[in-house]
Amino acid sequence: MAVCELVDANERHLADMITAGLREEDRREVELATGEEPNFALIDSYRASIRAWSILLDGRAIAMFGGVSRSLLSHTGIAWMLGCDDIVKVRAGVAKGTYRAINEGLGIFRRLENYVLDTNEISKKWLRWNGFTIEEPRPYGVSQAMFCHFYRDRG
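Take 252 as the starting number for the sequence shown in this note's numbering and just add one per residue.
Source of the hints: derived by calculation from the structure; they are not laboratory data. Among these hints, one or two may not hold up.
[What the hints assert, rightly or not] Computed beta-carbon distance windows for the label pairs:
hint	residue 1	residue 2	range
1	Thr270	Ser322	28 to 36 angstroms
2	Val254	Arg405	17 to 25 angstroms
3	Arg351	Gly310	15 to 23 angstroms
4	Asp259	Pro390	34 to 42 angstroms
5	Arg342	Glu387	23 to 31 angstroms
6	Gly406	Arg379	34 to 42 angstroms
7	Arg321	Gly406	14 to 22 angstroms
8	Arg361	Gly310	33 to 41 angstroms
9	Ser325	Val254	30 to 38 angstroms
10	Arg351	Pro390	14 to 22 angstroms
Note that the Cβ used here is the ideal one computed from N, Cα and C, for glycine as well.
The whole structure should be built from the sequences, with the hints applied where relevant.
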């Protein structure tokens, strides 16, 4: 039986994720929003995070997520998560682990927010399960593709 666990993220997890390859929908989302190469976005997000976690499947990272401060004086965190294809194999484990981590993130930030590609249904389902409000789609990012702003406030 597969073992799924939530742990503090580290550099080795970046290597796992890059080797396995990101989900196509996550790659597309990063490219449309930022124009950045998705593996670089993963590395940058991890390094800029105040707090970051990895989801391991049998000891190998299959997803990473965290919160980056909007600015030095802000109480808003930019929530991010990128995963590999194997993440869909352990949806229940991912949901339970990330819910606890999101609540921890809301102990650091008053609000967590970001944008999700409107067609990224797996990510939108995860966001709803974790209590985020998802707004109607609107043009966003370097591509002006349709994205939905999402947020969750403390309390």
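Hint check results:
Against the hinted window of 28 to 36 angstroms, the Cβ-Cβ separation of Thr270 and Ser322 comes to about 33 angstroms, which satisfies the hint. A beta carbon spacing of about 32 angstroms between Val254 and Arg405 contradicts the range 17 to 25 angstroms that was offered as a hint. In this structure the hint that Arg351 and Gly310 lie 15 to 23 angstroms apart at CB holds, the actual value being about 20 angstroms. Checked against the hint of 34 to 42 angstroms, the C-beta distance between Asp259 and Pro390 comes to roughly 36 angstroms, which is consistent with it.
A C-beta distance of roughly 25 angstroms is found between Arg342 and Glu387, which places it inside the suggested range of 23 to 31 angstroms. For the pair Gly406 and Arg379, the supplied restraint of 34 to 42 angstroms is violated, since their beta-carbon distance comes to about 19 angstroms. The supplied range of 14 to 22 angstroms is met by Arg321 and Gly406, whose beta-carbon atoms lie about 19 angstroms from each other. One distance hint, 33 to 41 angstroms for the beta-carbon pair Arg361 and Gly310, holds here, with the actual separation near 35 angstroms.
Distance hint for Ser325 and Val254: a CB-CB separation of about 37 angstroms, consistent with the stated range 30 to 38 angstroms. A hinted range of 14 to 22 angstroms is violated for the C-beta pair Arg351 and Pro390, which are about 34 angstroms apart.
The structure is inconsistent with the numbered hints 2, 6 and 10, although it conforms to all the rest.
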